[in-house]
Structures are given as structure tokens and as C-alpha cells.
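Q: Here is how the chains run, residue by residue.
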Amino acid sequence: MSNAVSASKVPPAPDLLYSDTELALAGALDDLLSQRCGPAAVLARTEQPEAYDVALWKALATEIGLAGLLIPEELGGAGASGRELASAAERLGAHLAPVPYLGSAAVATATALAAAKSATRPGGGHSAGQQAAGIAADLLRRLADGTVTAAVAVTASAMPADKFPAAVQLSGPQPGDAAAGIVRLRGRIDSVPDALPADVLLVPAEGVPNGLYLVEATGPGVHRVPVTSLDMTRQLCDVSLDGGPARQIAVGASAAAALEAGLVTGAVVLAAEQLGLAQRCLDMTVAYGKERHQFARQVGSFQAVKHRLADLWATITQARAASRYAAACLASGDPDIAVAVALAKSACSDAAVTAAQECVQLHGGIGFTWEHPAHLYLKRAKASSVTFDTPGAHRAALAGLVNLPAPA
Amino acid sequence: MSNAVSASKVPPAPDLLYSDTELALAGALDDLLSQRCGPAAVLARTEQPEAYDVALWKALATEIGLAGLLIPEELGGAGASGRELASAAERLGAHLAPVPYLGSAAVATATALAAAKSATRPGGGHSAGQQAAGIAADLLRRLADGTVTAAVAVTASAMPADKFPAAVQLSGPQPGDAAAGIVRLRGRIDSVPDALPADVLLVPAEGVPNGLYLVEATGPGVHRVPVTSLDMTRQLCDVSLDGGPARQIAVGASAAAALEAGLVTGAVVLAAEQLGLAQRCLDMTVAYGKERHQFARQVGSFQAVKHRLADLWATITQARAASRYAAACLASGDPDIAVAVALAKSACSDAAVTAAQECVQLHGGIGFTWEHPAHLYLKRAKASSVTFDTPGAHRAALAGLVNLPAPA
Amino acid sequence: MSPARSCTPPAAPSARCGRPAIAATMGPVLDEENEAAQARDKVLAQERDLRERVRAFLAEHPPAQTPREDFLAARFDAGLGYVHYPVGHGGLGLPRNAQPALEDELAKAGAPDIDVRLNVIGLGMAAPTIIACASEEQKARWLRSLWTGAEIWCQLFSEPGAGSDLASLATRAVRDGDDWVVTGQKVWTSLAHHARRGLLLARTDPDVPKHAGLTYFALDLHAPGVEVRPLRQLTGEAEFNEVFLSQVRVPDADRIGAVGDGWKVANATLMNERVAIGSSRAVAREEGAAGFAAAAWRQHPERRTQDLHQRLLKLWAQAEVSRLAAERLRQQLAAGQPGPEGSASKLIFALLNQELSGWEVDFAGTDGLRYDDWAMRRDASSDYARGPVFRYLRSRGNSIEGGTSEILRNIIAERVLRLPAEPRADKDIPWKDLPR
Amino acid sequence: MSPARSCTPPAAPSARCGRPAIAATMGPVLDEENEAAQARDKVLAQERDLRERVRAFLAEHPPAQTPREDFLAARFDAGLGYVHYPVGHGGLGLPRNAQPALEDELAKAGAPDIDVRLNVIGLGMAAPTIIACASEEQKARWLRSLWTGAEIWCQLFSEPGAGSDLASLATRAVRDGDDWVVTGQKVWTSLAHHARRGLLLARTDPDVPKHAGLTYFALDLHAPGVEVRPLRQLTGEAEFNEVFLSQVRVPDADRIGAVGDGWKVANATLMNERVAIGSSRAVAREEGAAGFAAAAWRQHPERRTQDLHQRLLKLWAQAEVSRLAAERLRQQLAAGQPGPEGSASKLIFALLNQELSGWEVDFAGTDGLRYDDWAMRRDASSDYARGPVFRYLRSRGNSIEGGTSEILRNIIAERVLRLPAEPRADKDIPWKDLPR
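Chains as they are written, first to last, in this note's numbering: chain A, 1 to 408; chain B, 409 to 816; chain C, 817 to 1252; chain D, 1253 to 1688.
So here's chain A without its partners, still in its complex pose (with noise of 0.2 angstroms):
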């Protein structure tokens, strides 16, 4: 009722809310979702050789065009932003699809978008650049139609205010290199996720200036050893380097920037990805506390399990208040991505490992087999918490972006 007086002081927030385009696209990959990819299927995947589900990528890619959603229309893509991409990954993580959509339409997409954008914006355009610049387009283009997968040959932990990484670095160069455009690259990424269903790898290497590259995958001197991990559904591997081609798409402060779109990116598509895995655990919990009787009750009627499922329901709509913001921002190129990236990844990593965890929990001792996949969402959860950084690290990010700074 005071709205008048104040209202003008505040700075009007973005759409928060999910649009029918997004609530469409939802609603279709949870349709494909439910059929190619129920609980007993990714379970059963995990004990496979072949972690993740390259069909169902090829599907989601092709048939829902989720590998082209950031893409710009003319290169192939959607000309979609990241509030679809997030409200997607909200639907991928409910489903705990084993598909490499934040390593390749997320962070490697954004990032090939960034290098493509400063290759040939103004001051930028030198030929290297150019030629730079039409590697990063080509990558798109192949992206977008879904024939390619890439990764960013990043490490889990990896946040995108760290400094550029330094595990790689350019080796001598063989005859014949320079003429074909192509330097060697040399060393050791670990535990980089959704590197092994990719094509092609993005990778950052040290140098003076550093540099971004593009390797592909499966060419000479690349080698993925897949690492046995806390997430069976996101299996990360080891990346070596070992003097293979290397072809460059951005340099210098370009190549930072591009890692950084790339990194941000993937902290917002994870948050929504953590939100969408809560929000389930949270329905499967439910679901099961009116189906499961003990003292000739629900177990659900009992009020302490009532009580809990309703803090953890409170804390997943500001769960997603926080990862709609970032969406938003991600949308926008608003100024204040930082502060909401710190926000989504800490909010939402914090309700997806409280969610999982309570999950497990409140399922007793069926929610502690193998059998239930309950254990399968703890995993991604709490892997997920760690991968791009820890909510205390994004926390610790905010102390710099809105004065409130550390103890002298």
C-alpha cells in the first residue's frame, strides 16, 4: 500500500519467473526424459563401461536442440539464452541424465561464444584473430548441430574468478606447424567432467600471452583415463597432453574472458541443475512418506518428518529464486552475474546435498542401498557442491563484490 513511496528507490528485478517458452521446453525433455532415462536405467549405466548415455545426448542435442540453446540462430543454434539453458538443467538434474550437457552446450559452448565474439569484435581483428575467430564460428556450427561434443579441459573445482590455469603449457613445435596453424600443447588436467563423450577440448595453456586452444579429443597425444568418481551419473577423467595438435581460438586476456563466460556459465547451469535434483528428492521423499507405513501410519504424517520436508521445501523456493536471478543476469549480461552466480551456487549446492542427503535419510534403510537411486542423487549432489567450488568459496567471493571485507 506504501508501494508509491518507495518503490522508486528500488531497482526493478528481472523476470524471475519461468516463461512458457521454458515451461515448454520442460515439460517436452520431461516427457523424453521419463522414457529414456528412469532411475533403474542410470543405475544400471553406472555399472557399464560407458558412463555416459551418447544416444540420449544425440536425442536431447538433436531432436530437442539442447546443445544448441545458447547458439545463435545464424550459426544453427536456438538464439536461446540462459534462462532456457538453466530451466533445462533443472530438468536434466531431476532426471540425472548422463548426458554431457553442462561440460558441452554450458561451459564449452559459452566459452567458444566469447572467444568467437572478442576474435571479431573491433580492435581484436587481426588475421590470427580472424582466423581464431572462424575456428570458434566452425566449433559453433558443429555444436549446434549436435555432430560435436566438447569440453573445456578445466578441473572440477575450477571457479571462474581463480587465475588462468597453469597444468598446461606449449611444447616445441614439429615441422610444418606453423604453416599449418597448429602448436603443441603439453601436461596434465585432472578430473575434468564431461571430457569423455567429448569431440573436441577447449583447453587453456600457460603461456606468454596465454592462450585458449582446441584439441581434438580423439587425435594423436590426447589421453583420457576415466577417474572412478564420487558421481557415477558425471564420470570425470584425467586429461593428458602429450605434444598433440593444437589449434588456438583466443589469446591473451580473450582467452581469460572466454574461460570466464565459460566457468560462469557453468556455475549457473549447475546451480539449476543442483535445483532441479533437490526439488526431486524432495517429490520422491514425499512420495514416499504417503506410501510407506510404519505404526499403522504414513510415515509421512509423522510431524517431525512433516516439519523437516517443509523447511526443506522452504529452502528450495529460495533455491530457485536465487538460480532464477542468476538465469537472469546470465540472460542479460547484467553487471551483477558475479554476485548472483556466488548466490546460486551457494544456495542451491546447499538445498541439493541438504535435499539428498534428507533423501537418504528419510527413506531409512532402503534409501542406503545400491538398489535405490536415492544414493545416485547424493553423489551428484554432493559432487556437485564441489565442481566449480564450494558454496563457502562462492560465499567467500561475495566479500569482494559487496563490501563486506575480511578481518585486516
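Honestly, the hints are just simulated from the structure, not real lab data. Cβ atoms here follow ideal geometry from the backbone N, Cα and C, with glycine treated the same way. A few of these clues could be false.
[Stated by the list, open to error] Derived pair list, reagent style DSSO-like, types lysine-lysine, alpha-carbon separation capped at 30 angstroms:
1) K1516/D <-> K1391/D
2) K1130/C <-> K1566/D
3) K290/A <-> K1162/C
4) K698/B <-> K1162/C
5) K698/B <-> K1679/D
6) K1243/C <-> K1679/D
7) K571/B <-> K1684/D
[To be verified] With beta-carbon atoms standing in for the labels, derived distance ranges:
8) S19/A <-> S1498/D: 52 to 60 angstroms
9) R444/B <-> P1590/D: 41 to 49 angstroms
10) G446/B <-> G1152/C: 52 to 60 angstroms
11) E952/C <-> P1682/D: 53 to 61 angstroms
12) P815/B <-> E206/A: 46 to 54 angstroms
13) R1555/D <-> A41/A: 45 to 53 angstroms
14) I366/A <-> G446/B: 16 to 24 angstroms
15) R1448/D <-> I366/A: 26 to 34 angstroms
16) R1667/D <-> Q954/C: 51 to 59 angstroms
[To be verified] Which chain B residues stay away from chain A? Per the calculated CB distances, all over 12 angstroms, these:
17) A448
18) S579
19) V713
Got chain A; can you put chains B, C and D on it based on the hints?
A: Below, chains B, C and D without anything else, positioned relative to chain A:
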């Protein structure tokens, strides 16, 4: 069953139980306090000019002998230890007795004891030291027989490990001071606990070297201004010294050690008091849960309420062990006392604040009123958690004590 | 499964997010755009009409020359009070969102406005209840003086023995001729010491189950037998009152709704309480409790510790996220999709106020042990600027007042999550036989 | 009111704490000292006798020359198994605390000992139940091979449909001549794949309320119809088993206690489970989960952050306090004053294991995302040294196994705090009519 194997490696823990002596003392205190210090009386006193119940304190000091618990029998005290001191504090905390036990029988007495000891120990025995020891011993005799109440003039949030206070300095002497063995002090100490009803103040004063001085509280140049305090049952006051006469009771390292001994004893006793308060808040809440009906049931039959009270009870069992350990270390002069204080003050502060907050909340509306005693417990609990510094500050002390160093 | 699906789903999968879907959804999207355009035009026309009507009214009643009370009364009579009130009762039957245009015109003319804070229960709860449930005669009698502020209203629901379990209340109303004779005790009554009338819920039949035996009245607080006493709370102040009713005669003409329908009418009142909480204005970053904490942190570098820093970062982040959640709720309401998230907001609001003010006391160190004044005050209306200790103490009430956090969790569990109710023994027993 | 008072209070106020009290209490203190001295003398004499008896036994059965199994059997037969077992059944009817002297003499002679871990349920739960509730004939049949380890025992209580609500179990035992025919499914059975016998709780009468229709048996796991399958848990390993019972014939001679008395016997078993947990040995600082975390912190300065430091300090302090609380509980038991604090210990133990291992995963950063091996293993018996991820996952079970934390809170609330039970509808209804 594998006791024999490993028990030898584990250093024996001190006795953490209540001795029969302690139980008897507690029983006697409960009897007296139930009669003279009921909730209505405590509440009524908060609106009277005299916030402390001096008559009750005289009774406790002389009839039960609380004032001289720590004082050796040869000085007229009970020759008891930190254990009895702590169990008595539990009862005083449970009843919110508005008496200067903490300030006088714990902090000031332990300070004077340390001063008396250090002044008379071999090497410290110069003539000024002997004089100081005589003053301290005389004070202890008067404390033991209840004719005098003392307080150390340090601000409430002081912590044992803090550096020597600089709030008070020596000021210019007046003619005849040297002959009379007195000096003059000038300065101001804010928010001193238990100084209002004190006859004698022990004042740490900065100088070369630092010293600890005895000042008659009602003497010339001493001003005590009552503070409107969060803790309505332990009213603070601001003390200012305006060139009043003072006699040294310890100097240099001995002064620092005496002050530290006082604050360590204070922290242990305050932790015990908080434990007693926490248990009383739990007891009150449990009793209310059995008495109050809503929805045609005792509110204590609702599972969410039961689980919260069970958790609170568990928290209190933990705090009790920490408090008992600190009391035992204090009693035996165990070198682990610093760790024990950090554990006890943090665990008991947290338990008391949680218990008092739950007490208000689970009493519903009535717990939010002035007429119900719950708020007196809340105010004591919150204020005590800051007194002798916060749980966070005490846990931070562990970093150095148990080799968990802070990040570089 | 997902909450995203619980919002009204579109008729068909939508465009832009993958080529195969585009063809299928372009149609509906265009339809929606047409409808939206038509609706927008209608709103604009309505607003034009309204602004003209206000200008005409202002010409007739120039604010500078008209005494405030006369101006407000005339405004009400012209249907320009709250435009969503019914025609003939201060409004024009327009949607709520037409009001800003009216306020805008009045503000431009420097016209006086009503004081919402002074009659917050009257405007927020009594008026909607009267509009929804009272007779035309009652509307005519009560709404005008309510809206202008001539008569302040309060709410007489809670009792010492009926807090969370409101329906178990014991205040008795016994029929005597054209009157009811009311005896009992009400509690937690804001504004009762200013109020002329109170929304009264009383038991008219103790022999039926508790929800069925209640009747709703508008009580004249000046009637003989009504005594209002301040209820002091732990901060020292008395925001609330106890109201003692001894053989108070209430005319049957002041009954709202049928005899025995009191619970239904009370729910209309309480629903409006929730809407009022939900539809509050946009809030800026650090506007609430987090602002006090952040300001203290910036002002006192010498008090900073790592422990307090980590706690502050966590609380600040939670507070900012809860601000975004409240904004999201506001957007849902504005889009006509009210969600259940308001219950979460209240839970989290209480928790954050409590945690942040607790942090503030800790951060203040020795200063946090000092208070300004324990003396009893009336009309303090919770001045949160009174300092950390006041905020710490006052915030304890946030999880009790307006429905305890425990009851809120029950509501969320049962109404949002649809978890089964606990076995209940109090629904079918005559009120008089309930254990208490 | 205070818990201090709940311990046995002394007869009169005590000495040393204030002069007026001294005179009144000196007497009782001296009496207590006399009694204590007498008791001490008695214990010493007992111990002397026992040591002599052991030395005589060792002379007859020189450990070096006697095969392990023979030695253990002879030891049992000599009453030198567990001295608190009854005479004639491996013991001497002495108090438990006489055992260390026996073990000491045997250890000095280099005698073989039983492997407690291998038969932890047999020794910890089956034996006490047999001693308390079985017939002399059954004791003679079972205790010797149990104690020597020739027969491992397991516990067949929980079922997929009866976890927290154990008394609702559905495994049926139907009388057929001298046998019972048992059909059902048991779950969470440690050691079943090694065990020869199982403590079986089965329903013999579905027509009476659930607690009344149960009977207790000792099941031969080699009997036809018993199938033991590994039950894999979220760590990948299978510590536990499912046991399927299809028409298994159990002789009535293997029934423990009367028909329908199964719940009573089961409670004797479960009580021993709690005593076993409570009386565990003294633990050193940092011996448990906090030790792993502290070691990691010291080893990896490069991983340290303020957030992780603050969390670690808090958890370390809680862990150390919980160690002191466990020590206090041990002292209470040793003093013959068992308190209810054991329930708190289990609650806090689970919570701390979970929080500390969660911290460890966070602290490990990228390394925390790696596991050693998901392959299914048997007999892994929870090797907590497997790393932070294993500890994180395994610890989730700590709040489920051996009674969930939720059930534990119910027990604390009702048995310790004496809060009223919830309204229950399942106690007086025939088992077959319960909703499920």
C-alpha cells in the same frame, strides 16, 4: 571388549561426575534459592533500583559458604575446588540468582588467590611483594567471611588470552601517598559485571610495569554508573576512577597471571552457570509441553516438539561433559585448561542460547511476554554468551592450542 | 513432479528452444500475444476514464480548500476510495491494479491521503471481510468511517488458551433478545487501545465440534464491559493488548455471517492477512535486517573476526536470496499466479531476523550487552532502529506472531506438499468435551 | 529439576563447601569410606583367587602345546570363558569387571583368545539373551560353540516392511507337529553369510495385537529353505545380507521363551545391544572422525580457507566435547549409575561423522570427487581408512542403522524427558488388520 588393547594409549580422563559433596551443595542451594529466588521475585527485582539481591548474597555467602569456596581453610574459606565452584554456579544459573557470585567468588577471588600466591612464592618475596601479598591475603579473609564482596574491573567481553587492559593508568601521586603505600588511578572501564554490589574493586592498570590494584569501591574518586543491561539479572556498570587511592596487590607478570587466573576461573564458572540455565530452560519447556493443550493434545505430544526437545537435551548432555571437564582441569591445575575453557565456554554458551530461544519459542505467545520468566533466561543466556567473549572467539583460540592453524 | 509444472502449463511445447518444436508452437504464442494486446488496450482505456473522473472530482473538491476529513469522506462517496471496493461503498468495482493511476492523480494535486498504518487491520482485514461477508446495511454503516480512518478496527481472535488452535477459543456469546452477551478474554490485540470496533470471534454453541460453534461479530469497543489492558512484551514495550469482555452486549445487527458460520468468516479474514503479507512492495538489497548487520560491519573494522565474517557472509547471502524469493513471489502475484511460496517467506523472514540480530549482538561485543530502556512504552510499534539488542529481542516474536513457525510448517506440509494430516481427535467432539 | 539431582543424592548435605555444613556430614563421609574399603578388599581377594585358578588351568593346558580350538573349549569348560557367564556354562558367575585379571594372566602366558569381531552378535547379543531367557538344555547346546567361535550367530529381526516399527514384522511361523514352519524375509543381517545360527523373531499369531503375536527362535541357517543374499549398500560394498526364509522347519526345541513372548525376549536382546554400545572403551582425542579431518588440515596447508577453518574448528570442538561426553557416560556406567546419555551419544556420533566427512570431501577439492572402487565387496566391514568419500557415504548409515535418529529422538523424548506419547492406533488392533 578390546579395552586391554588400546586403553593404555589413552590418557586417563579426570572424573567428570558430580561428587556427593557437589550434589549435597547443589541440593542445599536449590532449597534456598527455591524459597528466596523464585521467578516472580527475580522479575520484580528487575524493576527495582537495586538490581542485585544483596541480602540473598549475604545468606549464600555466609550460610552456605559460597563466597569462600575457593579460599583455603587457613584463610577462613572452604578449601574447595573449581568443581564445587562450578556445580554451585549451575544452581545459581538455573535460578537466575541476582548475586555477584561470578564476579566475586569466582573472578575476584581467583585473581586475589593468584596474587597472594605469586607475591609470596620464592623469588617474588621482596618487601613490596610481601606487602601486596598481605593485602591480598587480608582481602581473601574478608571475602571468605562474607564481609566484603569484590569485582575485577574489566569489561564484560574480556577473554583470558587478551592482552593486559590499558583502560586505567597511574596518575600523579599526592603528598603522603608513598608513606601510606598508595598510588592514584585514573581511567574508565565500561560494562563491568558484578561491580555494582562490590565493596572492593581489583583494577588492572597499565604502567611500567603493569599492576593490579585494590580500590575501595565506595572510596573517593570511584564512580559507578549502572548500565541499562541486556541481562536484567546481572546489571553491568561503568566504572570510572578519578585519582582515587589504590594499593598494589600484584605487579608485572604476576599481575597478568593473576588477572588471567581470574578470567579463566570466570569463564569456567560462567560456562557452568550457562549449563544450569540451559537445563532449567529445557525443564521449563518440557513441563509446559505436558501442561499446555492445543488441538486437544498436550503440545509436548507433538513429534516435532518432541524431537526438538530431544535434540536440545542431547546438546545439553554434551555441554555438561565440557563444563565438567573444564571444572576438573581447573581443580587439578591440568595444563589442558586452555582447551577445556575454549570447549566449555563455546559449548555451554551455544547450549544456553539455544535452550533459552527454544524456551521462548515453544512457550508460544506467553513466552514473548514480560510477565513470563522465559525472557529473563533469554537475556542472561545471550549476554553470557558474549561475556568473557563469544563462542566463536573461544573456538578460534583452539587453532593455536591444538594445531589447527588458520590459513596463511 | 517439478514445481515448474505446477504453474499453468502452456497448451503445447513452445518455440525457440530447438527447431523441431518451433512449428508446433508458433500459433499459440501469436494468439497469446493478440490477447495480451487487447487486454493492454482495455487497461489503458480504463485508466484514462479513471484519471478523468479523478480530475473532475478534484475540480469539485479542491484539496487546498477542503478540510482533510471532508475531502476523504467526499472521495469515498465518489467511489474514489479504493477503486476495488464495491460501487456505492467507496469504490468502482475495478481491479486493484487500477489504484495507482488514482493515487498518481491525487498526489499530483497535493491531495491528502488516508493513513494506512493507523488502521492497518481495518483496511487490511476488516474491510475485505465486510465486503465479502457483511450485509449491505452493515457495509453502509461501517466501511466509510473505516476507510476514512474515523474508526480504527482491531481483531479479537486469539485467547490465552487458544493460540495455534484458534478454533478452540472459549469466549462465550449467549443470545439475549436482540443482543448477544459476550464474556471472555482476548489477547495479542494490536491497536485495541485506539480502536472503536473489533472483529470478534466468539463461541455461540459449546455443544457442537469446535469449528461449528463459532459466530463472528463486529464489537463496539466503547460498549460497557470492554476493558483494554496493555500487554507488555519482552522488549519492555507494549505493542499489543489484552481485551477483557465482561457481559458485553453486542446487538445481533452487528453479527457478520450466520450464527455458527464464524469459522468460515474468520478464514476470509485470515486469508486477507496472508494476501496483505504476500503483496507487499519491492524491497532493495540490504533494506532489511541484513542492512543493519552490513552497516555495522563496515563501520567497525576493529571488531571484525573471521568467525563473524563467515557468519555474516552466510547470513547476507541468505538474506539477499530471501529478498529475491520475495520478489519472485511478488511477480507471481502480479502475473496472477499466486503460489504457496509466501509461507516459506514468513518462515525464512523470522529465521533471518533472528539470526542476523543475534549476529549483531555478538559483533557489538560489550556494546551488545547494553540496552536503551526497559521502561514500558505504548505505540512503540517496533522501531527496529532502536539497536541490535532490541532487534534481537523483538525478532523472537517473528516466529510466533501471525501463526507460529510450527503451525506454518504444518500448513506447508499438508497444503503444499499434501502430506497426510496427523491423526486428530478434536474435530468431531463437542467443544465442551475437549481436553484442555 | 536439575539433572545433577537425578543421580542418587547423598543422605545429607555434604562437607567442605561451607562451614555450617561440615559438622552435619562428616559422619556419612566416613561411613562411605569404610564401606568402600571393605568392597575393595573383597574385590582384591576375588581377583587373587581367580588368578590362581587361571594359573592352575594354564599348567594343565599349556597354550604352546594345545591346539587353539581345544584350548578355548577347555577354557570354557573350566568356567574361564567369560567369568560373568553362569557356572557350568563357561563362567563363574562373577561380576564383569573380574574379567581383566583373567585376560591378563592368559595374555602373560601367550594363550590364544577368541575373536570377538568375528562373532560380535553372538557374544554381544545372542549369549546374553540365551543366558537370560533360554532353557538349561539350550544353554548347554549353544553357549560353548558360540563362545569358542565354532558357531557364528546373526540377528534376524528387521524386515523390508518392519524397520523402525519392528513389532509389525510379517515373517510367519506356523506350528506343525514338533516344528514350526517359517516363511518370510529378513534384511540388514550382518554376518549372515558366516553364521550358523540366527536370532529369529517371527509372527506366530496374526490375530492379536502386533506385540503379542511374536515368538523368538534360534534358527539353523543351514536348514533347507534359508537363502542368504548380499545386500549392497551405497558405498558399493555389502556389509549386510537379506535372508529369505521359505518353509524353513524350526524345531520347537529351538524356541526361546514362551510362544507369544517374542517381543519380551527381543527387548532383552536389544537392551544388550545398547549396553554394548555404552560400555565401549575410552577413546583418545582425535581418535575418531575428527582425526581424519585434522590430519588432512595439517597435511594440506595449500587447501586451507577461512570457511573451511571455521567449520573445522566448530566440528573439532564438537567432536572433542562428544568424546568427553562418551567418557562421562563410561564413568557413569563404571560407577554403577548408567544414565540415558547413551542415546545422545549415538545421535551426536552420527551427526558428527556425517558433518566431518562432508567437510573432508569439501576440503579435498577435486580429490574429493574421486573414489577408490565401486565394485561390490563382501566383508569390507567398513574400512573407514578408505578415504573421505567412503567415510562420507558410509556415515549416512550411522543415523539409520541400529535405530534411526528419528526413533532415537522419540525414545529420548518419551523415556528421558517423559513427554507424552503421540496418540497411537496400532497397539490394540489385531496385527492382520493394521494398515500397511
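Q: Hint by hint, which ones does the structure fall short of?
A: 7, 9, 12, 13, 14 and 19
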